[in-house]
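*Asks:* Based on the sequences and whatever the hints tell you, model everything.
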Amino acid sequence: MTVHAWLEHAAPYALGALDEKERTSFEEHLASCDICAAEVRELTDVAGLLARAAPSVAPPASLRDRILADARGVRPISSAPVAVPPQPVPVAAPPKAVTPAPGRRPWSSVVPWLAAAAAVLFAVYLGQQARTERAARATAEQALASARVTLDSTGSALARRDSLIQLLVSPDVQAVTVSGSGPAPSAKYFLDRRAQRIIIAASSLPPAAQGRTYQLWGIETGKPPVSLGTFNTDSSGRALASVAVPAGLRIAVTAVTDEPSGGSPQPTTTPFLAATWKSE
Amino acid sequence: MPTHPAGVQTSDSALVAQAAAGDERALGELYDRYGGMAFSLACAIVVEHADAEEVVADAFAQVWRSASGFEPSRGSVAAWLATIVRTRALDLVRSRKRRARVLEEAAVVTDEGETLVLAPTLESPDRGAELAETSTIVRKSLAELPPPQRRVIELAYFGGLSQSEIAAQLSEPLGTVKTRMRAGMDKLRQALRPLLEAGT
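Line order of the protein sequences matches chains F and P.
With the first letter of the first sequence counted as 1, position 181 gets the number 181 in the working numbering; the numbers rise by one all the way through.
Heads up, the working numbering is the position in the second sequence plus 1000, with the first residue counted as 1.
Where hints are given, some of them may not hold.
What the hints assert, rightly or not - In silico BS3-like links for lysine-lysine, alpha-carbon gap of 30 Å or less:
no., chain 1, residue 1, chain 2, residue 2
1, P, LYS1140, F, LYS21
2, P, LYS1140, P, LYS1178
3, P, LYS1140, P, LYS1187
4, F, LYS278, F, LYS223
5, F, LYS21, P, LYS1178
Stated by the list, open to error - Computed, partial: chain F to chain P, Cβ under 7 Å:
no., residue
6, LEU15
7, LEU68
8, GLN266
Said to hold, decoys possible - Stretches of chain F that chain P covers, calculated by requiring three or more beta carbons in the stretch to come under 8 Å of a beta carbon on chain P:
no., segment
9, 40-48
10, 51-62
11, 220-230
12, 267-277
Rather than coming from a laboratory, the hints here were simulated on the basis of the structure.
Where is the CB? At the ideal position from N, CA and C, for every residue including glycine.
*Replies:* Laid out in structure tokens, this is it:
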């Protein structure tokens, strides 16, 4: 499709009038097209002004008090307390949002294989203590590179595992477990600021509904969330994702939202599994 | 811009930033500025007033929780809030297995025999002449569109209908609906440019 043809989608997109399929493909295009993105931005403001055309109805006086009373019970995500682990905010409101299943599993029973893998890897790591860490990493990377060539089909799995290994054994890693006293889901995060990687291991999180995905966000204090990537859980409600942290992003909070497939530029649903990080 | 009693009026996006930092007064101020707009919008979409209250309360709760996610470069605070209210109102209507108010109520027919989706209105509950002025300009711009263009835009925005649903609703070819929607939005953009540039 030419850029010109895509532009025709901007007005109906801004009005929310594209069919599901058209919307999804246009959103994919939007991510890489500044022209369409600028058009959508302007027309979205036009659509936003349409709200002012609604016949005027004065809200009841009690509504303001109710909103402020509700707010007192909830803290905005960017000012989440430093205490770890924070309470996960329940996934609320959106019609396709996943309602977490009740009950929560302790971390150790959730991904025993990960714990086992970590133990093995740690032993390997200890065995390599004689070498410098840099040499050990170079060796691992070399091994990985050749493994990628010979095992093309499992290359990405190996790459994932490699980044897990490097992160789990890194002396710079910080770990935060997010599991409130309420119902599931829960997650364990590993953040290595130096290696600019973060791992999320989520559990008891039902797979996102069809056409939806989970999106991981990194938030720097006082700035809008930055997407770190999307992931989904398997039928057992688990996910393990290792993602790069954009250079220069000083993560203070990480959190997950439920988003349309392909992810969103900014969160569109209530964040949950929020973890706060101490600065370096 | 009118001067606030306390001095210079805080910008909308500064209020959102203060809300993101946990300042309840900023949330209250945002409500004072846009609560009327939010409630009117909700009432135009949901059928029951109690539902409209629910929608507005939920929308401001979302603003409070996710204020740090507001990105000024992606649009105005008013547009962001309107999007949240509209989405929640349409979700609520759908979850009740009903249709939006504009589709459930008989269309308004004017003395000139013109069919309107929205009833004409004069007064505004928004506080401040500035916001009332905005509403007046938007209503006037919408009223000046050729009625077929206005109708498809109103059915999409207030009725939550997709282009193909509008085509079915109006028994018009899909291509016609698409052309009208684009043409109408282009005209609105021209008419509302002063407001858009003022960042209202």
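*Asks:* Work down the list of hints and note, for each, if the structure agrees.
*Replies:* For each hint, the structure was consulted:
1. LYS1140(P) / LYS21(F): Status violated; Cα separation ~34 Å.
2. LYS1140(P) / LYS1178(P): Measuring from Cα to Cα gives roughly 23 Å; hence the hint holds.
3. LYS1140(P) / LYS1187(P): holds (12 Å)
4. LYS278(F) / LYS223(F): Given that 30 Å is the threshold and the Cα spacing comes to 16 Å, the pair holds.
5. LYS21(F) / LYS1178(P): Roughly 16 Å separates the two Cα atoms, so the pair holds.
6. LEU15: holds (4 Å)
7. LEU68: Check passed: Cβ of LEU68(F) comes within 6 Å of chain P, closer than 7 Å.
8. GLN266: With Cβ-Cβ at 5 Å, under 7 Å, it holds.
9. 40-48: Since three or more residues must qualify, the claim that chain P covers the segment 40-48 of chain F holds, with 8 doing so at under 8 Å.
10. 51-62: This one holds; 10 residues, not fewer than the three required, reach chain P with a Cβ under 8 Å.
11. 220-230: holds (count 4)
12. 267-277: This one holds; 3 residues, not fewer than the three required, reach chain P with a Cβ under 8 Å.
The earlier numbered hint that this structure contradicts is number 1, and it is the only one.
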